[in-house]
Amino acid sequence: MLVLATVALLGALLSAALPLVQIDAEQSRGLVVRFLAHWARRRPRDRTAQLDEQRFKSAVEYAAFGLLAGSGLASLVAGCVTLLAGQTRVDQLPLGLPWLAWHLRLDPLAGFFLGVIGLGVFAVALYGPGYVRSFRHSGHSFATLGFCTGVFVAGMELVVLADDAFLFMIAWELMSVASYALVAFQHEHAANRRASFLYLLMAVVGAIALILAYGIVAAFASAHSFTFDALRAAPLSPTWASIAFALALIGFGMKAGLVPLHAWLPEAHPVAPSHVSALMSGVMLKVAVYGFLRFVFDILGEIQWQWGATTLLLGTVSAVLGALYAFQQNNLKRLLAYSSIENIGIVFMGFGLSMIFFAKGHGELAAIGLIAALYHVLNHAMFKTLLFLQAGTILHQTHESSLERLGGLIKRLPRTSFIMLVGCIAISGLPPLNGFVSEWLTFQTALQASALDSGILRSFVPVAAALLAFTGAVTAAAFVKAYGIGFLGAPRSRHAAHAGEPLHRGMFAGPALLAALCVLLGVLPGQVIAALGPISRTLLGNDLASAYANGWLWLTPVSSRVASYSAPLVLLACALAAWVSFRLLRTPKLAPVRDRPRWDCGFGGLDARMQYTSTAFSQPLRRVFSPLYEIDERATREDRGHALLTPAALDFELRIGDRSWRHGYLPLAHGVEGAARQIGRIQTGNIRTYIAYSFFTLLALLAMVSA
Amino acid sequence: MNWLTSIVETALFILLAPLFAGWVKWVKCLLQNRRPPPLVQPYRDLAKLFRKRPMIADTASWIFEAAPFVVFVTAVFAAGIVPFAIAHLPTAKVADLIVLVGFFALGRFFLTLAGLDLGTAFGGMGSSREMMIASLAEPAMLMAVFTLAMSAATTNLSQAIDWVLQTGLVLRPSFVFALAGLMLVGIAETGRIPVDNPATHLELTMVHEAMVLEYSGRYLALIEWANQIKLMLYGVLIANIFLPWGIAESLTPRDLALGFASIIGKLAVLGIALPISETLFAKMRVFRYQEFLGFAYLLSLLGMLSHVILEVN
Chain A
1 MLVLATVALL
11 GALLSAALPL
21 VQIDAEQSRG
31 LVVRFLAHWA
41 RRRPRDRTAQ
51 LDEQRFKSAV
61 EYAAFGLLAG
71 SGLASLVAGC
81 VTLLAGQTRV
91 DQLPLGLPWL
101 AWHLRLDPLA
111 GFFLGVIGLG
121 VFAVALYGPG
131 YVRSFRHSGH
141 SFATLGFCTG
151 VFVAGMELVV
161 LADDAFLFMI
171 AWELMSVASY
181 ALVAFQHEHA
191 ANRRASFLYL
201 LMAVVGAIAL
211 ILAYGIVAAF
221 ASAHSFTFDA
231 LRAAPLSPTW
241 ASIAFALALI
251 GFGMKAGLVP
261 LHAWLPEAHP
271 VAPSHVSALM
281 SGVMLKVAVY
291 GFLRFVFDIL
301 GEIQWQWGAT
311 TLLLGTVSAV
321 LGALYAFQQN
331 NLKRLLAYSS
341 IENIGIVFMG
351 FGLSMIFFAK
361 GHGELAAIGL
371 IAALYHVLNH
381 AMFKTLLFLQ
391 AGTILHQTHE
401 SSLERLGGLI
411 KRLPRTSFIM
421 LVGCIAISGL
431 PPLNGFVSEW
441 LTFQTALQAS
451 ALDSGILRSF
461 VPVAAALLAF
471 TGAVTAAAFV
481 KAYGIGFLGA
491 PRSRHAAHAG
501 EPLHRGMFAG
511 PALLAALCVL
521 LGVLPGQVIA
531 ALGPISRTLL
541 GNDLASAYAN
551 GWLWLTPVSS
561 RVASYSAPLV
571 LLACALAAWV
581 SFRLLRTPKL
591 APVRDRPRWD
601 CGFGGLDARM
611 QYTSTAFSQP
621 LRRVFSPLYE
631 IDERATREDR
641 GHALLTPAAL
651 DFELRIGDRS
661 WRHGYLPLAH
671 GVEGAARQIG
681 RIQTGNIRTY
691 IAYSFFTLLA
701 LLAMVSA
Chain B
708 MNWLTSIVET
718 ALFILLAPLF
728 AGWVKWVKCL
738 LQNRRPPPLV
748 QPYRDLAKLF
758 RKRPMIADTA
768 SWIFEAAPFV
778 VFVTAVFAAG
788 IVPFAIAHLP
798 TAKVADLIVL
808 VGFFALGRFF
818 LTLAGLDLGT
828 AFGGMGSSRE
838 MMIASLAEPA
848 MLMAVFTLAM
858 SAATTNLSQA
868 IDWVLQTGLV
878 LRPSFVFALA
888 GLMLVGIAET
898 GRIPVDNPAT
908 HLELTMVHEA
918 MVLEYSGRYL
928 ALIEWANQIK
938 LMLYGVLIAN
948 IFLPWGIAES
958 LTPRDLALGF
968 ASIIGKLAVL
978 GIALPISETL
988 FAKMRVFRYQ
998 EFLGFAYLLS
1008 LLGMLSHVIL
1018 EVN
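Protein chains in written order, with this note's numbering: chain A, 1 to 707; chain B, 708 to 1020.
Read the hints as simulated data drawn from the structure, not as lab findings. Please read these numbers as outputs of a predicted model, since none were measured by experiment. Check the hints yourself; a few may be wrong.
Claimed, not checked - Below 30 Å or equal to it, Euclidean Cα-Cα: the simulated DSSO-like pairs (lysine-lysine) are:
#1 B/Lys732 / B/Lys755
#2 B/Lys735 / B/Lys755
#3 B/Lys759 / A/Lys589
#4 A/Lys589 / B/Lys755
#5 B/Lys735 / B/Lys990
#6 B/Lys759 / A/Lys411
#7 B/Lys732 / B/Lys990
#8 B/Lys735 / B/Lys759
#9 B/Lys732 / B/Lys759
Said to hold, decoys possible - To spell it out: a stretch of chain B is covered by chain A in this simulated footprint if at least three of its residues, at any positions, have a beta carbon under 8 Å from a beta carbon of chain A; those stretches are:
#10 787-801
#11 804-812
#12 883-894
#13 934-946
In this text, a Cβ means the ideal position worked out from N, Cα and C, and glycines have one as well.
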């Protein structure tokens, strides 16, 4: 299976290389690129050059995405087989440093994440060809886009396969840099340049934290080896282990978007091309989650409950703030990005609970928490990829990204709207779809808090669970807003009124596949948990066999007395009840009268501007939770003499900022600038000063050597 | 056999729900010195609505027509999993308390979407406010549920009732707080005074009525009926979790008769308490909801803390 995974890697790299042929041979300087371009250009150019040009571009796009789809499929198969068989394969590649070959390893944990990456990449590759076509007219080169996408995917796959810290960091940086380039793809907008710079900066800081974390563990390892096997065996003192944990939490948390390290995420994810946003939110965040799991559960091993409490706290804060901020966004992709922060928060809540229980010696309960979190990872990969792809379709068809300029799309784009609705229900954590199952499992884990011996933890854990309930309700509100304002009602702009379904079939196939999986993962939780068993067995020594012990119909994480849920029966009962009530009420004599106007209070002339807006919809919670937002609200009116009811001009401006900017990032940035200025003072620009510096340094060194 | 019993019980629950709503209205009228409508008035209203031809606005999409069915089905399903007169039913295993809260959320999701579907200001306003109430009420409700679940070490309703019956009548501070919290949540979630007024159609105050303003005929009937089921559901939850005595533990005729008599008696008492509080209090401003629901959350939290501190071990 490792061979298949390597094939997937090669597929991604090939799909990166292929688009380079679109670079004009005359303009390109690189030898390889020139050669590739020449080779590919030999055939076309016979009949009408214009048509051939288009056909050639189209062929390149299809081939690149085809290779990407193949890579995704290969990863999916390799990951699933490894996970289901519960086997581990290791290998070495003759690459890397002279004394450190690249170690590869595919175990159940890596297999699961490889499968998640594979699914996301496959769906995106189906969607991609239809979407990138629009870039042809705007003068963006597919060469850059395709190259970076391929490298990005290859980087993610390699992170999961890496079995030494050196290869891990190379793959990690490959992933970061490629995604940076993708965020900066439409760099003609200043906001995109700013977002990509912020992303790069934070990625670098995160990488430094990771290198330090690996460095600490490697320092204790035998012979200072960097292979994960050596790192696992390293005897760390609890203090050093805690420091390494803190660094890993910063490094991986930054990539995953944990509050307060999330600032880059809502800036960077929305501005990338939509299929890349889907990959970043749906898949890349999971790679960060994988890194955290690998480092904390596997390499560090001896988990302390304080780590769990910290993780749970950060996860809860991320979930609550992510949901509250998501609710206030008017830009659909930005809303989705904030909701990713919320979902990552839920995943980390599961990890935190699992760590607390594991450190306190409750292996079975820790397994529920871990599996709940992994389940949510899988779910989030499905519905967030789906939602970003659908947001991309909306952007592609209407050229509008703000909810305030959408509306009524359910009539113009019925199929897209239906798939979007499935995604919205799933992400809101509503039964009987998949989002609910993982949240239910997280609740069940939290409810076992009575098993803990510390009174503080025992009361903190249920409060976290109640905040998770709050998060769920606010998320539902956010997606009612996204769907209700964006897809229902009357169109709020000309673009929205004249939009149509996309013509490319792949733009349905990818999201539809994900929607089907959302339903399937919601209805058959027992099978999914059984498949996740090997991971918790290798990491925690426990699996969740009790969860599906009562047959495939029942999900009983602890025991059937404590809690049970039967998603298939729930679905069956609901379908039956809906069918019965529908049949009973379908009397042709009482068929509804359809073409009536809406109730307009007798004034007449309802138009699209009189609808509730996105800003208005979220106003109540904005007011209730105003201390958590940075609200800048300005309303100005110009009166026309005494006519108070008909002002000359009304102007309303609302900006909702992230609190962490003013209170965290800006002071930090000023601090760094101030420190740089202080340090800069030693740069006098005078050669004598520098000679003096050299002289005194030399003296100091000599003194140290002679001592 | 057991499954059949629970289906019959669910049907009975659904059929009795309008009666409970009628009872509440009847008591309220008496308390406010008005002449009450007959107890069966809600049935007559429903029957009339079912016989009417519904009207659907030209801007409506399929969501508008699907929403009443989703709302009704979720309410029926919730009624199916809550033990009514019999403690042990197989349906309680299908879905636990958390799923119950999830089902309420699913119904609300579609109802709020339906409010936004036509593109009127009323519907949007109702949806927006409903989502605010839900966001604040759901954590309070789950906190109360968690208190119960942690005490009884189960989220399965039948098992929880069993546990309360077995441990006997003990005054647990956690349960008192949780009961108070759950009552406040129930008032908010079923749209009663002081949070919402089911009798009003004044634009500035309505929440639920604003969302369903455009519905007519059988669609309106389904929504109204679902609402009545939901109201009774909260009553049954409160009665059966906190005071389950009398509930039938076996299917003998004597137990069944006692079970039905006791739940009807408890509901009748709750159906007097609710109108009294509705008569005593005035409706609140919209932006005082958070204080009301924050108080409910605080009560539930106190219940949880007193369970953790006082009752464990």
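Evaluated hints:
1. B/Lys732 / B/Lys755: Judged against 30 Å, a Cα distance of about 19 Å means the pair holds.
2. B/Lys735 / B/Lys755: 23 Å, holds
3. B/Lys759 / A/Lys589: 10 Å, holds
4. A/Lys589 / B/Lys755: Distance ~15 Å between A/Lys589 and B/Lys755 Cα, so the pair holds.
5. B/Lys735 / B/Lys990: Judged against 30 Å, a Cα distance of about 15 Å means the pair holds.
6. B/Lys759 / A/Lys411: Satisfied, since the Cα-Cα distance of roughly 27 Å is no more than 30 Å.
7. B/Lys732 / B/Lys990: It holds: about 17 Å lies between the C-alpha atoms, which stays within 30 Å.
8. B/Lys735 / B/Lys759: 28 Å, holds
9. B/Lys732 / B/Lys759: It holds: about 24 Å lies between the C-alpha atoms, which stays within 30 Å.
10. 787-801: Three-residue rule met by the stretch 787-801 of chain B, so holds; n is 3.
11. 804-812: holds (count 6)
12. 883-894: violated (count 0)
13. 934-946: Our answer is that it is violated, as 0 residues pass the Cβ test (under 8 Å) against chain A, missing three.
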